[in-house]
Amino acid sequence: DTAVSQTPKYLVTQMGNDKSIKCEQNLGHDTMYWYKQDSKKFLKIMFSYNNKELIINETVPNRFSPKSPDKAHLNLHINSLELGDSAVYFCASSQEKGKDTEAFFGQGTRLTVV
Amino acid sequence: QKEVEQNSGPLSVPEGAIASLNCTYSDRGSQSFFWYRQYSGKSPELIMSIYSNGDKEDGRFTAQLNKASQYVSLLIRDSQPSDSATYLCAVKRYPGGYNKLIFGAGTRLAVHP
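So the protein lines, in turn, are chains G and R. Take 1 as the starting number for the first sequence in the numbering used here and just add one per residue. Take 1001 as the starting number for the second sequence in the numbering used here and just add one per residue.
Worth flagging that the hints you see were computed from the coordinates, not collected in a lab. Predicted model only: the values in this text are computed from it and were never measured. Beta carbons: idealized from backbone N, C-alpha and C, even for Gly. Heads up, a few of these hints could be off.
[Said to hold, decoys possible] From the structure, some residues in chain R lie toward chain G, with a derived Cβ separation under 8 angstroms: (1) P1044; (2) L1046; (3) S1049; (4) Y1071; (5) L1075; (6) T1086; (7) N1099; (8) K1100; (9) F1103; (10) G1106.
Work out the full structure: start from the sequences and follow the hints.
As structure tokens, then:
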């Protein structure tokens, strides 16, 4: 039973399109994250939600809009896709209360913008 | 200065040797430290966590933390070819009371037979 699941696993789309990536966790965690991993493999935090509330919003273009309908789901919508958006996007979750907990990652979504 | 710094490698070690991976962090307020392993094309998976100064051992892995020096390391004993991967150091900070998990750029480890 997958703990953190993302869909789709692969996404190929043209510049200018709008796309969404979905993430769900069944661990009962209260915090979810989106990370972007570029071609140099650097894993950079984009957003963090705690109990559906946005708590971390790094310097990310406003074309990226996260949405958390409940604490088990965190989706990422991207408008007007650009070539530079090509990367692997990872969703993760952790438990906020009780700081000694690790983050679990989804399998990643490889986005290719052509 | 990056928040979490690692040598990118590759670090090449022979099979059976000890691999030593190092990481420094900039925020003295950081309280939790993690090592993740990432195989090519896969997601990061946690291999060690450490929260207090000193050593923590788990099988062939030992994590070491020195908060005064803002330094955390990972030792892999009896390295195996299957240990070849990128190792990501991660530091958890608490800006405004919430978790922020920051990763280093990773060190690529290659264990050769």
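Hints, one by one, checked against the model:
The restraint placing P1044 (chain R) at the interface with chain G holds, with a minimum CB-CB distance near 5 angstroms, inside the 8 angstroms limit. Here the hint on L1046 (chain R) is kept, as its CB sits about 5 angstroms from the closest CB of chain G, short of 8 angstroms. With a least beta-carbon distance of about 6 angstroms to chain G, the hint placing S1049 (chain R) at the interface is held under the 8 angstroms criterion. Annotation: Y1071 (chain R) was flagged as interfacial toward chain G, and the flag is violated, the nearest CB pair being 20 angstroms apart, outside 8 angstroms.
About 19 angstroms separates the beta-carbon of L1075 (chain R) from the nearest beta-carbon of chain G, more than 8 angstroms, and the hint is not met. A distance limit of 8 angstroms between C-beta atoms decides the matter here; for T1086 (chain R) the minimum to chain G is near 6 angstroms, and the interface restraint holds. Nearest Cβ of chain G to the Cβ of N1099 (chain R): about 6 angstroms, under the 8 angstroms cut. The hint holds. The interface hint given for K1100 (chain R) holds, since its Cβ lies 6 angstroms from the closest Cβ of chain G, which is under the 8 angstroms cut-off.
The interface hint given for F1103 (chain R) is met, as the beta carbon of that residue sits about 4 angstroms from the closest beta carbon of chain G, less than 8 angstroms. Below 8 angstroms, beta-carbon pairs count as interface contacts, and G1106 (chain R) has one with chain G at about 6 angstroms; its hint therefore holds.
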